[in-house]
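Residue numbers (this note's numbering), protein chains in the order written: chain B, 1 to 359; chain X, 1001 to 1359.
If you're looking for bench data, these hints aren't it; they were derived computationally from the structure.
Glycine is no exception: its CB is placed at the ideal position from the N, C-alpha and C atoms.
Certain hints may be false.
With beta-carbon atoms standing in for the labels, derived distance ranges [stated by the list, open to error]:
1) A1012/X with G241/B: 29 to 37 Å
2) V178/B with A1140/X: 32 to 40 Å
3) A92/B with P1116/X: 45 to 53 Å
4) D354/B with V1066/X: 32 to 40 Å
5) A1092/X with T121/B: 42 to 50 Å
6) M1037/X with A243/B: 51 to 59 Å
7) V207/B with L1130/X: 50 to 58 Å
8) N1308/X with A92/B: 22 to 30 Å
9) R1271/X with A158/B: 57 to 65 Å
Reference listing, derived: stretches of chain X covered by chain B, where coverage requires no fewer than 3 residues with Cβ under 8 Å from a Cβ of chain B [stated by the list, open to error]:
10) 1061 to 1073
11) 1119 to 1128
12) 1143 to 1151
13) 1193 to 1199
14) 1302 to 1311
15) 1328 to 1337
2 protein chains.
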Amino acid sequence: MSLAQRVASARATMGDVDALALSVGADLPYFTGYTAMHLERLTMLVLRRDGGATLVVPELEAPRVVPHPDVFTIRPWSETEDPVGIVAGLLAGTRRVAIGDQTWATFLLQLQERLPDTVFTLASEITAGLRMRKDADEVALLRAAGAAADRVAGMLTAERFSGRTERQISRLIADLLVAEGHDTADFAIVAAGPNGASPHHEPSDRVIETGDAVVCDFGGSYQGYHSDTTRMFVAGAPPEGFAEAFEVLRVAQDLAVAAVEPGVTAESVDRVARGVIADAGYGDYFIHRTGHGIGLDVHEHPYIVEGNPTILEPGMTFSIEPGIYLPGRFGMRIEDIVAVTDTGVERLNHSPRDLVVVG
Amino acid sequence: MSLAQRVASARATMGDVDALALSVGADLPYFTGYTAMHLERLTMLVLRRDGGATLVVPELEAPRVVPHPDVFTIRPWSETEDPVGIVAGLLAGTRRVAIGDQTWATFLLQLQERLPDTVFTLASEITAGLRMRKDADEVALLRAAGAAADRVAGMLTAERFSGRTERQISRLIADLLVAEGHDTADFAIVAAGPNGASPHHEPSDRVIETGDAVVCDFGGSYQGYHSDTTRMFVAGAPPEGFAEAFEVLRVAQDLAVAAVEPGVTAESVDRVARGVIADAGYGDYFIHRTGHGIGLDVHEHPYIVEGNPTILEPGMTFSIEPGIYLPGRFGMRIEDIVAVTDTGVERLNHSPRDLVVVG
């Protein structure tokens, strides 16, 4: 779908929302191809339902914007201008404005003050429905990103882990992600031994020892779309109790992937993974949802979590990543990106999901 | 100053603000030592003026938090809990809440809905005054970060630029920043030839050619504090007109640094740099402010810009980075971090500011 088609789709679904006001976050590149810098100078697309779309952008960043005059006009602002005033002017006469979910509070509060009669709602109420349903081109980019991440996973199987720090392995993964075609490496969690029990562990100077299980969870940006995969490594023999739990996790991940098909709910997929893990006695140690949508954002709708009744449709893409975390001992997670197809599910990661024994 | 002393200072200056509500951004680590992940799960410190500080954090990220029980208590929330409800409960009875400037709009809108009688203002109205005035320990960290960045600038003088892409040089700089002691490399702008006229240029696959002037603007995080410096390189001989403009820029940067002392305003420093550049006929090509504060954030108060009457005080730290940008031809910028001292100014960058001729 072209940018212009996306804008037309948004306008068709805006209902009583008079305008979208989009800043940092992936809604902006979805409609414009342009990603705002995450800094204190305001960048904001004002997309009115009644026609007209204007990208308000700092003058010094305007050269970064690739123009699409059929989709939006560019309004650069200089350092002594008031960007909030410019946006408020573009929103004149609106009664209901949907603001980008990740927009900074400072800009929302200033806009509320300038437009006291305008009700602000969240842009995701309009954009999530559009962005969740990927077209074939988007799925192809996610497939390519997944394949690049899989090559990195494959290369890691030949590396020595013991004697190196988490941080060193993390840097290596980041370099490999870029070498394999990612534009940026966005994260590379490496969590060894007891650190593995912290799902979002920050790679540290801990030296990996023989007997450590190591969670490697990494991904990057690939022509705007994202990869995200987790594989498990062990230096030498795994710690006591690891193998039994890992077998449970393997089954949970496989069955959750197999449960994905058009027509089922997001939460039902979470229940499949959680049921397997709970039945084996590890329920208290699976402390996060089963997955998250992925696309222009690493985390986006749909979230695969209890309480989310979203019905899966072809073109939805998300992670399936159950984990088991035993505090003080070890942790484990297996993660693939999947796409809902017309009849079922396609995995976008294919590197072996077995526990990989390394030096 | 300890975390507890910072919290005490905040309480002493809150006036009629009943609570601070801090999420992503550097206010949170300023008071807690903890940096929230920039993701969709809410992390928020509720710091009440009448006592009590609670860090609401996703359960799966709670192991990342280093506890400081004298400063705050930790309230992990699980995937099926409602974090906004938890925060709203902690804010019960407040009439005025100052929310972190970078907090996502989604959380502010939800809190406004739950607390319809509460007025929300910006946390920076309280925190900027505290964070702008660095103590000796903070300045020492910024000095160390600057020295590490200077070593990278020095190493670049021995590199061949021509024949390599902007992206390759950018990756090299990022690696050197980490090798020289930064915890992370946050940005490394490399803008060659006409790309230099885009101040926030994204490093591309453009191959650097003989005769290209190259803007290198880079920095990273060093024990929580930031470096940020810009040096100019040229592959072979500079393009026509470059040397004359560069001499103007050198003088503008020097005089602006020399103008820094306690008691003068932020905008007066901007005027010094701008005056020199305008007098030489390049006024229309200096399209950004002269500088920004730096500390736990790369960009923070005080901003060195027309319209900012903030009076400089000892302990304030910021960049002095005038530039000249000639569209289609070339661009240039020279940037140092400086600290206001009791009697004047200290530069925190010392690598040579001359145009560096490379291969």
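To see whether the hints hold, each was checked on the structure:
Checked against the hint of 29 to 37 Å, the C-beta distance between A1012/X and G241/B comes to roughly 51 Å, which is inconsistent with it. Between V178/B and A1140/X the C-beta distance comes to about 34 Å, which sits within the given range of 32 to 40 Å. Between A92/B and P1116/X the CB atoms are about 26 Å apart, so this pair departs from the stated range of 45 to 53 Å. In this structure the supplied range 32 to 40 Å holds for D354/B paired with V1066/X, their Cβ-Cβ distance being about 35 Å.
With their beta carbons about 25 Å apart, A1092/X and T121/B fall outside the hinted range of 42 to 50 Å. At about 31 Å, the beta-carbon gap between M1037/X and A243/B misses the expected band of 51 to 59 Å. Our hint of 50 to 58 Å for V207/B and L1130/X is violated, since their Cβ atoms are close to 38 Å apart. At about 28 Å, the beta-carbon gap between N1308/X and A92/B stays in the expected band of 22 to 30 Å.
Roughly 60 Å separates the CB atoms of R1271/X and A158/B, a value that falls within the hinted 57 to 65 Å. Coverage of the stretch 1061 to 1073 of chain X by chain B holds. Counting CB-CB distances below 8 Å, 3 residues qualify, and the rule asks for three or more. Counting residues of the stretch 1119 to 1128 of chain X whose CB lies closer than 8 Å to any CB of chain B gives 4, which reaches the minimum of 3, so the coverage claim holds. Three residues within the 8 Å Cβ limit are the bar, and the stretch 1143 to 1151 of chain X against chain B gives 0, so the coverage statement is violated.
For a cut-off of 8 Å, the count of residues in the stretch 1193 to 1199 of chain X with a CB near a CB of chain B stands at 3, and the three-residue condition holds. For the stretch 1302 to 1311 of chain X, the stated coverage by chain B holds: 3 residues have a C-beta nearer than 8 Å to a C-beta of that chain, and at least 3 were required. Coverage of a stretch by a chain is defined here by at least three residues with a beta carbon nearer than 8 Å to that chain's beta carbons; for the stretch 1328 to 1337 of chain X and chain B the count is 0, and the condition is violated.
Of the numbered hints stated above, those contradicted by the structure are hints 1, 3, 5, 6, 7, 12, 15, listed in ascending order.
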